[in-house]
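A.B. asks: Taking the hints into account, I'd like the entire structure generated from these sequences.
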Amino acid sequence: MQQDIREFFKAEEELKTLPENHRKDFLDKLNAQKDTKKVSYLWLKIAAVAIVALTVGFSLFYNQPTEEISPMIAQVEAVEDKYLKEINTEWENFIAIANDEVLIARFEKRLKALDDDYQIISEQFKNDSNNILVVEDLVENLQTRLQILKDIQEHIKILNQKSEQNEKSI
Amino acid sequence: MHHQHHSLIERCKTGNQVAQMQIYDLYAKAMFTVACRYLSNEEDAKDAMQDGFLKAFLNIESYRPEAAFGAWLKRIIINQCLDVLRKNQLQFNDIEVSELKIVDEDDWNFDSNLTKNDILKAVEQLIENHKVVVKLYLIEGYDHSEISEILDIPVKTSRTHLRRGKLKLQELLKPKYNAARY
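Chains as they are written, first to last, in our numbering: chain A, 1 to 170; chain B, 1001 to 1182.
Derived by calculation from the structure, the hints in this document are not laboratory data.
Remember, it's a predicted structure, so these values are computed and weren't measured experimentally.
Treat each hint with caution, since some may be false.
Unchecked claim - With a straight-line Cα cutoff of 25 Å, these simulated DSS-like cross-link-like pairs (lysine-lysine) come out: (1) K1013(B) x K34(A); (2) K1074(B) x K1121(B); (3) K29(A) x K1087(B); (4) K1029(B) x K24(A); (5) K24(A) x K1055(B).
As the list claims (entries may be wrong) - Chain B is nowhere near these chain A residues, computed Cβ spacing over 12 Å in every case: (6) V56; (7) A78; (8) E101; (9) I132.
Unchecked claim - Among chain A residues calculated to face chain B with C-beta under 8 Å, some are: (10) M1; (11) Q2; (12) Q3; (13) D4; (14) I5; (15) F8; (16) E13; (17) L18; (18) P19; (19) F26.
Backbone N, C-alpha and C define an ideal beta-carbon position, used for all residues, glycine too.
C.D. replies: Spelled out as C-alpha cells, the structure:
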C-alpha cells in the first residue's frame, strides 16, 4: 500500500509551545528597534542642519569679496529674459493687427505702468534676493503683461470675425 | 474578525506598539512552529521568529492586503531562518544540475505504514540544502517558482534538490519498509 506523504502536511499541525519569557523578550527588542529609529532620525536632522549652515556660511563668505551672482538671481534673470522676449513678440503681433492708434496708445501706457512697477520690485529683489514673495511678484508682473497682450489680441480677432460676418451679410 | 485584523495592521503602520504586540500574540505560536522546522535549537528559532516580526513591522508598508497577512509573515520568518542557516554556511550554488533519472516529480507515494513522524525524522537526516528545499515544498507547500524566489536559486536547481532529496528519503525509509515485511 502506498500513500502520498504530502497529505500529512496539509492538515493543521500541532503548534509548538513558546519559551516562557518570549513576550517580554520581544517587547525589549521592539523598544530597542524604536530607539535606534529615533536616533537615526535625530542624526539625519543634525546632519541636514549642519549642511544648510555650512552652505549658507560658505556662500556668505565667498559672496562678499567677489559679488558672485547667486543661483537665485541667475534663475530669475533667465525667467525674465524668456518672458520679455515673449512679451515683445506679442506686442508686435498686437500692433500688426490693431490699426487703432488710440488703442495702441492705451496699451502702451498700461504696459509702461507695469514696467515701472517691475523696476521697483527689481530693486527690492536686488536687496533681498532670497525672498520668495518678491520673486513671485516679479513673475506675476511679467505674466500680467503677457496676458493683457494675449487678451486684447483675442478680442481684436473676435471683433474682426464679427465685422467680416457683418460685411458678408450686408 | 477580518475587519478587526485589518485595523490592527493599519495601526501597526503608524508604529502603534500595542497593535504590534497584539499581532505578535496572534501569530507568535504559529510562526515559532514554522521557525522550529528550520532551526533545531528552540532558542535560535525563537530569536529568528522575533527578528522576523521586527522586520515585518519595519516593512509593514510593503504588505498588500490582497495577500493573507499570515502568509506574508511566514515568508519573512522563513527568510529570517534561512539567513541564520546561511550564516552557518548553507550554500546552494555549486551544484551540478543534471537529470539523474527520469522521475515523476509529482509522485510522492511512500509506504502507507509510514507515519508523519517517520517522514519528519527522515527529512532531518537529509543534507542541509536538500532538507531546506524538501521542507519548503513538502511542509510549507511552496512551488518551485516560490522556492527559487525564497532561496534565490534557479528553478532548475530547486527541482534538482527536491529530486535528490526525495530519492534520499525513499532510500532512508526503505529499511523500515523491509523490516515491516519480516
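A.B. asks: Look at each hint and say if it fits the structure.
C.D. replies: Do the hints match the structure? See the list:
no., hint, result
1, K1013(B) x K34(A), "holds (13 Å)"
2, K1074(B) x K1121(B), "holds (23 Å)"
3, K29(A) x K1087(B), "holds (21 Å)"
4, K1029(B) x K24(A), "holds (15 Å)"
5, K24(A) x K1055(B), "holds (18 Å)"
6, V56, "holds (34 Å)"
7, A78, "holds (40 Å)"
8, E101, "holds (67 Å)"
9, I132, "holds (33 Å)"
10, M1, "holds (4 Å)"
11, Q2, "holds (4 Å)"
12, Q3, "holds (4 Å)"
13, D4, "holds (5 Å)"
14, I5, "holds (5 Å)"
15, F8, "holds (4 Å)"
16, E13, "holds (7 Å)"
17, L18, "holds (5 Å)"
18, P19, "holds (5 Å)"
19, F26, "holds (5 Å)"
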